Amino acid sequence: MNAGRSNATAKAKGFSLIELLIVVAIILVISAIAVPSLLRSRMQANQTAAVATLRSIRNAETTYLITYPTQGFANTLSQLGPGVPCSQTAACMVDEWIGCAAAPCPKSGYKYFLVSSAAAAPFPDFSATATPIGFGSSGSNNYCVNDDGVIRSQIAPAASVGAVPRATCSDTSQYQAIQ
Numbered sequence: 004m005n006a007g008r009s010n011a012t013a014k015a016k017g018f019s020l021i022e023l024l025i026v027v028a029i030i031l032v033i034s035a036i037a038v039p040s041l042l043r044s045r046m047q048a049n050q051t052a053a054v055a056t057l058r059s060i061r062n063a064e065t066t067y068l069i070t071y072p073t074q075g076f077a078n079t080l081s082q083l084g085p086g087v088p089c090s091q092t093a094a095c096m097v098d099e100w101i102g103c104a105a106a107p108c109p110k111s112g113y114k115y116f117l118v119s120s121a122a123a124a125p126f127p128d129f130s131a132t133a134t135p136i137g138f139g140s141s142g143s144n145n146y147c148v149n150d151d152g153v154i155r156s157q158i159a160p161a162a163s164v165g166a167v168p169r170a171t172c173s174d175t176s177q178y179q180a181i182q
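In my numbering, the protein residues as written are 4 to 182.
None of these hints come from the bench; they were simulated from the model. The reader is advised that the hints may include incorrect statements.
Restraint-style ranges between C-beta atoms, simulated for each label pair [said to hold, decoys possible]:
(1) V32 to C89: 49 to 59 Å
(2) A37 to T92: 40 to 50 Å
(3) T73 to A35: 53 to 63 Å
(4) T51 to L20: 40 to 50 Å
(5) R58 to E22: 45 to 55 Å
(6) L31 to I69: 54 to 64 Å
(7) V27 to G152: 48 to 58 Å
(8) A123 to S59: 18 to 28 Å
(9) R43 to T175: 20 to 30 Å
Source: prediction; values computed, not measured. Every residue, glycine too, gets a C-beta built ideally from N, C-alpha and C.
Sequences and hints are given; from them, build the entire structure.
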């Protein structure tokens, strides 16, 4: 009788290969459902952050214009970025990620550009652009804002764009105001 009990006890101590395969299959099914949703959520968060960053750039540009009226608007992101001491060449109005030394400045899945239509100061206008680092993976919309203060989304984004000039950003056949 003891031999029968120890044999039954030995079988009850572990999982069979079939049971382990079923658990792995369940985990794979759950992953297949959850991962795309997670990626979409992350992309949406990046896009929301891009719009918020463009609002910050727009506000920094307004402050820059008031602080340095002879300079006009800043024509590079580094002019809005940090510096010691703060001056018209590094105004300390945006963080080091957005006020980087050379465009494009990457942050939260997007890269940012800032341009002006003028070649020299005083700069009468600006256009800031946010475009996904990986189109379709880190974001699927291109955004811009210019000195009129309206943040716009590209109507038919097909790929990441670079710096968008003011005229293109204001073109209602290419960009529409976001709400």
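>> Going through the numbered hints above, which ones does this structure break? Give me the numbers in ascending order.
In response: none
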